[in-house]
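Asks: Below are the chains, spelled out letter by letter.
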Amino acid sequence: MSAEIEEKLESMEIQDDDLVFDLSMKKKKKKSKKTEEEPVEEAAAESQEAAPSADAAEEDPMAMFGEKKKKKKKVKVEDDAAAEGGEEAADAGESFDFGDMKKKKKKSKKVDFSAFEDGQDQEGEDTARDPDDIFAADDEESARTTTKAGVEAEEGWIGSNRDYTYTELLSRVFKILRQNNPELAGEKKRYTIVPPSVMRDGNKKTVFANVADICKRMHRQPEHVIQFLFAELGTSGSIDGSQRLVIKGRFQQKQIEAVLRRYIVEYVTCKTCKSPDTLLTKENRLFFLQCEACGSTRSVSAIKSGFQAQTGKRAAQRVKAAA
Amino acid sequence: MSDIQNLQSYDPFADLGDSGDTGGEQQGYIHIRIQQRNGRKTLTTIQGLPKNFDQKRMLKIFKKDFACNGTLVEDEELGSVIQLQGDQRTKVSTLLTSEGGIDKKQIKIHGF
Chain A
4 MSAEIEEKLE SMEIQDDDLV FDLSMKKKKK KSKKTEEEPV EEAAAESQEA APSADAAEED
64 PMAMFGEKKK KKKKVKVEDD AAAEGGEEAA DAGESFDFGD MKKKKKKSKK VDFSAFEDGQ
124 DQEGEDTARD PDDIFAADDE ESARTTTKAG VEAEEGWIGS NRDYTYTELL SRVFKILRQN
184 NPELAGEKKR YTIVPPSVMR DGNKKTVFAN VADICKRMHR QPEHVIQFLF AELGTSGSID
244 GSQRLVIKGR FQQKQIEAVL RRYIVEYVTC KTCKSPDTLL TKENRLFFLQ CEACGSTRSV
304 SAIKSGFQAQ TGKRAAQRVK AAA
Chain B
4 MSDIQNLQSY DPFADLGDSG DTGGEQQGYI HIRIQQRNGR KTLTTIQGLP KNFDQKRMLK
64 IFKKDFACNG TLVEDEELGS VIQLQGDQRT KVSTLLTSEG GIDKKQIKIH GF
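Sequences listed follow chains A and B, in order. Going left to right, the first sequence walks through residues 4 to 326 as my numbering numbers them. Going left to right, the second sequence walks through residues 4 to 115 as my numbering numbers them.
Think of the hints as simulated: they come from the structure by calculation, not from any bench. Treat the numbers as computed from the prediction; the structure is a model and nothing was measured. All the given hints hold, so there is nothing to weed out.
Selected chain B positions facing chain A (in silico; Cβ < 8 Å):
1. I37
2. T48
3. Q50
4. V84
5. Q86
6. F115
Derived DEER-like restraints, expressed as beta-carbon distance ranges:
7. D78(B) with S304(A): 16 to 24 Å
8. G31(B) with R264(A): 21 to 29 Å
9. Y32(B) with Q313(A): 21 to 29 Å
10. Q320(A) with E102(B): 29 to 37 Å
One side of the interface only, derived from the structure: several residues of chain B facing chain A at Cβ under 7 Å:
11. H34
12. R36
13. Q38
14. Q39
15. R40
16. L46
17. D78
18. L81
19. H113
Virtual Cβ for every residue (Gly too), placed ideally from N, Cα, C.
Take these sequences, add in the hints, and give me the full structure.
Replies: Structure below.
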C-alpha cells in the first residue's frame, strides 16, 4: 500500500509540469492491468534472460479476485525490474527485446489514454484527493482497495473471449456513476459528530467542554440540548464563562455520549429518511421537526424531566423553600 | 365487502402513531429513571405504573428480588412513584416485561 501511495505522490509532483501524460500513465496502471500483463508475459517468454522471479509472478490473468492485490504489487516490482533490465540491455546491447517491450508498453498506454479521456478530469481529482484519504479512517482505505479490485475485475472480459458477468457490469456501472456524478452512487456521507469531551471538575462536577460545537453540528439550540441532558441525567448544572457546560454529578464520556445519541435519534434525525438535516421549530408550545432533505414534518415530544427524587439534605431544601 | 382491505378508505396523510394520541401517551409510558446521589450511590425511580398494579405489592416484589430498599413516594402531579436504591433500571424493565406482561415499547429507560 505504502509503495502505491508513494507512487501516487510522485505522480502528483510530476503532474505539475507534465500533467496529461503522467495522468495517463497512472490510469494505465490502475485500470488495465490485464491488457498490460499480456504483452509483458509474451516478452518474458521470448527472452529467457528475463528475471525468473518476474516470470513466477506472472500468473493467469484470470486468477482469483482475491489475489488481485498481491499480483498488482508483483507486477509493479516486475515493472521496475523491466526498467532496470532495459537500461542494462541498452548498455550491453545483448537482449534488446527488453527495450522493445518498454516501448510497446508506452504505446499501449497512449491508446488507453485516448479511450479513457472523458473520465480524465475526474481521475485527476481523485489522485489529488487520495493523500487526504489516507489520513482518514482505516475502513475507508480498505473500501478504496476493494473498489480498486472491482475496477480491475471489471475489465476482466476485455482481454479474453469470455462473456462479462453480472457483477462485472454492475461494478462498471457504479464506477462510471461515481466518476460522473458521485452523489448518485449511493455513497452517503455518514453523519458524524465529534465525541463529547468530558472532564471531571473537582469531585462532584463534570465539565462537558464542547457542547457549543456539538450543538452547532446538530443545528440545535444549546438550551434545548442542555435541557434534554439535564432531564435525562436527572441533574442540574450551568454554563461557565467559556461556553462549557458544568453538570452536577459524576459522568463519564460514554454516558454523555449515550444520552447525546438518544437526543439525536429523538430530536435530530428525520424518521422518514434518516437524514440529520432537520430544523426544530416551536409552534404554540409544540415542537416540530422539519426535514430539510425530504420535507416531512413530525411533532416531537417536549422534554420532561419527570419525577425528581429528593437527594441531599432536607434542611437545605427547607432553607431554599423558605427563601 | 368492506372486510377487503383494499376497499377500505385510507387516509395517507393521517399522522401515524408515534406521538399520535398525545393525551394517552403520557400515561402509557412507564419511565424508569436514574438519579445520582452522593458518591457512587444512585436511586432508581419508576414512574407511571399502570393503575391496575398494586404499587405496594410491586414495591415489595422489587425490594425482595433486587435485594435493595425502596419507598413509595406520592407526587402531586405524577401520582405514586416507586423509588429504589441503586441502579435497578434494567432489572426493573426485564421483570416488568417478563412477569408483569408489559410491552417493552411501553417502558422508557432514561439516564446514561
